[in-house]
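Student: The lines below spell out each chain.
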Amino acid sequence: KQEVTQIPAALSVPEGENLVLNCSFTDSAIYNLQWFRQDPGKGLTSLLLIQSSQREQTSGRLNASLDKSSGRSTLYIAASQPGDSATYLCAVHTGTASKLTFGTGTRLQVTL
Amino acid sequence: KAGVTQTPRYLIKTRGQQVTLSCSPISGHRSVSWYQQTPGQGLQFLFEYFSETQRNKGNFPGRFSGRQFSNSRSEMNVSTLELGDSALYLCASSLAVMLGEQYFGPGTRLTVT
Chain A
1 KQEVTQIPAA
11 LSVPEGENLV
21 LNCSFTDSAI
31 YNLQWFRQDP
41 GKGLTSLLLI
51 QSSQREQTSG
61 RLNASLDKSS
71 GRSTLYIAAS
81 QPGDSATYLC
91 AVHTGTASKL
101 TFGTGTRLQV
111 TL
Chain B
1 KAGVTQTPRY
11 LIKTRGQQVT
21 LSCSPISGHR
31 SVSWYQQTPG
41 QGLQFLFEYF
51 SETQRNKGNF
61 PGRFSGRQFS
71 NSRSEMNVST
81 LELGDSALYL
91 CASSLAVMLG
101 EQYFGPGTRL
111 TVT
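Residue numbers (my numbering), protein chains in the order written: chain A, 1 to 112; chain B, 1 to 113.
If you're looking for bench data, these hints aren't it; they were derived computationally from the structure.
Simulated pairs of lysine-lysine, DSBU-like, Cα-Cα distance not exceeding 35 angstroms:
| # | chain 1 | residue 1 | chain 2 | residue 2 |
| --- | --- | --- | --- | --- |
| 1 | B | 13 | A | 1 |
| 2 | B | 13 | B | 57 |
| 3 | A | 1 | A | 42 |
| 4 | A | 1 | B | 57 |
| 5 | A | 42 | B | 13 |
Using C-beta positions, here's what the derived DEER-type ranges look like:
| # | chain 1 | residue 1 | chain 2 | residue 2 | range |
| --- | --- | --- | --- | --- | --- |
| 6 | B | 42 | A | 16 | 28 to 38 angstroms |
| 7 | B | 82 | A | 58 | 38 to 48 angstroms |
| 8 | B | 14 | A | 14 | 45 to 55 angstroms |
| 9 | B | 83 | A | 1 | 25 to 35 angstroms |
| 10 | B | 53 | A | 17 | 46 to 56 angstroms |
| 11 | A | 17 | B | 62 | 40 to 50 angstroms |
| 12 | B | 13 | A | 78 | 37 to 47 angstroms |
If you want a taste of the chain B side facing chain A, the calculated C-beta under 10 angstroms gives, among others:
| # | residue |
| --- | --- |
| 13 | 3 |
| 14 | 4 |
| 15 | 33 |
| 16 | 35 |
| 17 | 37 |
| 18 | 44 |
| 19 | 45 |
| 20 | 56 |
| 21 | 92 |
| 22 | 100 |
| 23 | 101 |
| 24 | 102 |
| 25 | 104 |
| 26 | 106 |
| 27 | 107 |
| 28 | 109 |
Beta carbons are placed, not taken as given, at the ideal position from N, Cα and C, and that holds for glycine.
Please model the complete structure; the sequences and the hints are all you need to start from.
Tutor: Okay, structure coming up:
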């Protein structure tokens, strides 16, 4: 059974700092890994999708890496801004359907 | 292109009632998945539909059911509501079944009193 863990559970950083969020998963036989952000009471916004054959994906200030063999992914956020404050979730796609297994998330606060 | 839409956005029901939630996927997407999000359990997979067929189901009781129509719109139904069914119900759509990026709707907040 796939299990996804995210560390840390919460993080507070001053504006402008670079930061790294971590995601680990127990079953390395994944099809892809997706990073999302969720604002309080809202739905999920897709940030990056990494296919199992890829090592990283970049979008603007975001960079996600994937090391499938060790069961790890990181989300790097450069030059953080208060608008980045949200909960960040990673999810892995395992199996023959579109089921995603989610981590518990990292709640990020970027302070002025 | 319009995103995933879910209706209603908020719903209050009493124990024992039933409820139907609706999800319209992104145009052209044929896969629709449903998730339940609670503070205690996080995001949990309910079921997934592709071309009107349920392809996968999570570990939820039979009170939770769903269906998909020929236009890919999907509904989920919860019968005999319990207090523990209070949650944010999220719908996601994707173009492909296995490798597609999942796009989520804003969710339906269900409160059971």
